[in-house]
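Just so you know, the sequences run in chain order C and Z. The first sequence begins at 1 in the numbering used here and counts up by one. The second sequence begins at 1 in the numbering used here and counts up by one.
Honestly, I wouldn't trust all of these hints.
The list treats identical chains as interchangeable, and a pair is accepted whether it falls inside one copy or across any two copies.
Straight line, CA to CA, 25 Å or less: simulated PhoX-like cross-link-like pairs of lysine-lysine [unchecked claim]: (1) K266 <-> K32; (2) K32 <-> K210; (3) K210 <-> K286; (4) K32 <-> K222; (5) K222 <-> K286; (6) K266 <-> K286; (7) K266 <-> K222; (8) K32 <-> K286.
Since the hints were made in silico from the structure, they are not lab data.
2 protein chains.
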Amino acid sequence: MPPSRETPPFESIGIVGLGLIGGSIALATRQKWPGVHLTGLDDRAILDEALARGAIDAGADGLPALATVDLIVLAAPVRQNLERLRQVAQHVQRPILVTDVGGTKRAIVEAAAGLSPAFTFVGGHPLAGAAHAGLAFARADLFANRPWIFTPVAQRSQEAIDRLRRFASGVGAVPILMSPAEHDRLLAYLSHLPQLTASALMAAVGATVKEEGLALAGQGLKDTTRLASSPPSVWRDICATNADALSEALDLLIERLSALRADLRKGDTIEAIFNDAARWREELTKDRQ
Amino acid sequence: MPPSRETPPFESIGIVGLGLIGGSIALATRQKWPGVHLTGLDDRAILDEALARGAIDAGADGLPALATVDLIVLAAPVRQNLERLRQVAQHVQRPILVTDVGGTKRAIVEAAAGLSPAFTFVGGHPLAGAAHAGLAFARADLFANRPWIFTPVAQRSQEAIDRLRRFASGVGAVPILMSPAEHDRLLAYLSHLPQLTASALMAAVGATVKEEGLALAGQGLKDTTRLASSPPSVWRDICATNADALSEALDLLIERLSALRADLRKGDTIEAIFNDAARWREELTKDRQ
């Protein structure tokens, strides 16, 4: 992704939370539009690390320092984003644009609607991740060819949406629009259910076979439980703010597991279920380039 | 693994089923002890492929051709191994050694005990695998540093066990002894439950979000469901011959998922469950070299 000569959609951006996603947004913006002024807000040690990597131009010690930027990106865990959003409404009286990158969208979109702020809020969620969290693993190409979902709720934000779409495209992502409810239901299946499944499986297997048993495990268990190493603090907020959709998804999985349990000795049924799953997996992994 | 000058534990081996495991046993034996005579038994096309790769010396068109080998390895899906075992009891009247590589051990060990054959049977299970099945993916180093479980049931087979352990060590594996029941319970958690979980999750997610939703999925779902691409024919037999242990494992997982469902809005409980799972995953993936 070479630096672009076109006018950037935002001249200055404030990023609240410089973890894997916030840090990667900084690095990707820097690479695409080197002239954009980037301000980070996070713990001092993380700001120092981001400054040392050249990911940001300045570190802020509070929200007032972000009052003059064109775009604020909330990139902390969901509940912190909700709290920051309230603070932004107090500190920022200009009609700027605010977005977030959290894993659930209904909660923050509803919160924004309730605040009636001076700024325009459009919820966002780049579907990008990595095996490890934190600024140390941030990369300028994290969003390359990945979907970046935006969840606009009113026509009045059309110009804001256009700018955010141009921003997401600029850093390599594929912007997609859907409603907050559609997003939360889809992500309950694509992301939240696999996460809970991996953690529940890992905990059940570990508690049963202990250290000695795990020492014999192969790649299959390791792959299936890879997500169980995800940061718990991110997931407590996602579970809390998508509990209804996630309950439905869990019910469906439990129903499927119970059906398998009932049919373990029925070879044709087992084979049919496995064939069905294998077909969906082929669909999941097929090359869409 | 350079060729060895020490006397091989078996001068001639017959391998029934040249898939990923059977084919890899042939290739690994060939590399370690080039002088051992290897006979394969499988469909004609697979025998031709194995001969072309130099994995075997001869292809057999039936069990009688294996009547003079020192060791027979049953390396087809479990129910086929059970059927082959009965045929071996009919065709082989010499006191040779027979083992298998199937994913469950009680069923075949009990079947062997019921046959009172001329040969000695010791159940075996190399815990090695790959993302793809079949001879094309067989490798001489598939067993390197992987456990190879043997499930002897009587002291009379001590010499047989010693030879099999030497064979497993020779191809790079770490031989381990346990009872058939211990094996089946352990594998229900390490292998069979992750497999069923991956297939159930993939089927549930696919049926809900369809092709359009799957097109947006990331690496998390792909990793968690990787096992759902495993060959269904292998798994119908494993489910059928380990249904009791697998039912218990499924019950435990369903219980964990139900507990998560009930606590989705309780942040501290969710975080505790996730932390527990993350600790077990750290144990699972720690370097044991």
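Hints, one by one, checked against the model:
no.: 1; hint: K266 <-> K32; result: neither (57 Å within a copy, 41 Å between copies)
no.: 2; hint: K32 <-> K210; result: neither (48 Å within a copy, 34 Å between copies)
no.: 3; hint: K210 <-> K286; result: between (36 Å within a copy, 14 Å between copies)
no.: 4; hint: K32 <-> K222; result: neither (36 Å within a copy, 29 Å between copies)
no.: 5; hint: K222 <-> K286; result: both (22 Å within a copy, 11 Å between copies)
no.: 6; hint: K266 <-> K286; result: neither (30 Å within a copy, 38 Å between copies)
no.: 7; hint: K266 <-> K222; result: neither (28 Å within a copy, 28 Å between copies)
no.: 8; hint: K32 <-> K286; result: neither (29 Å within a copy, 38 Å between copies)
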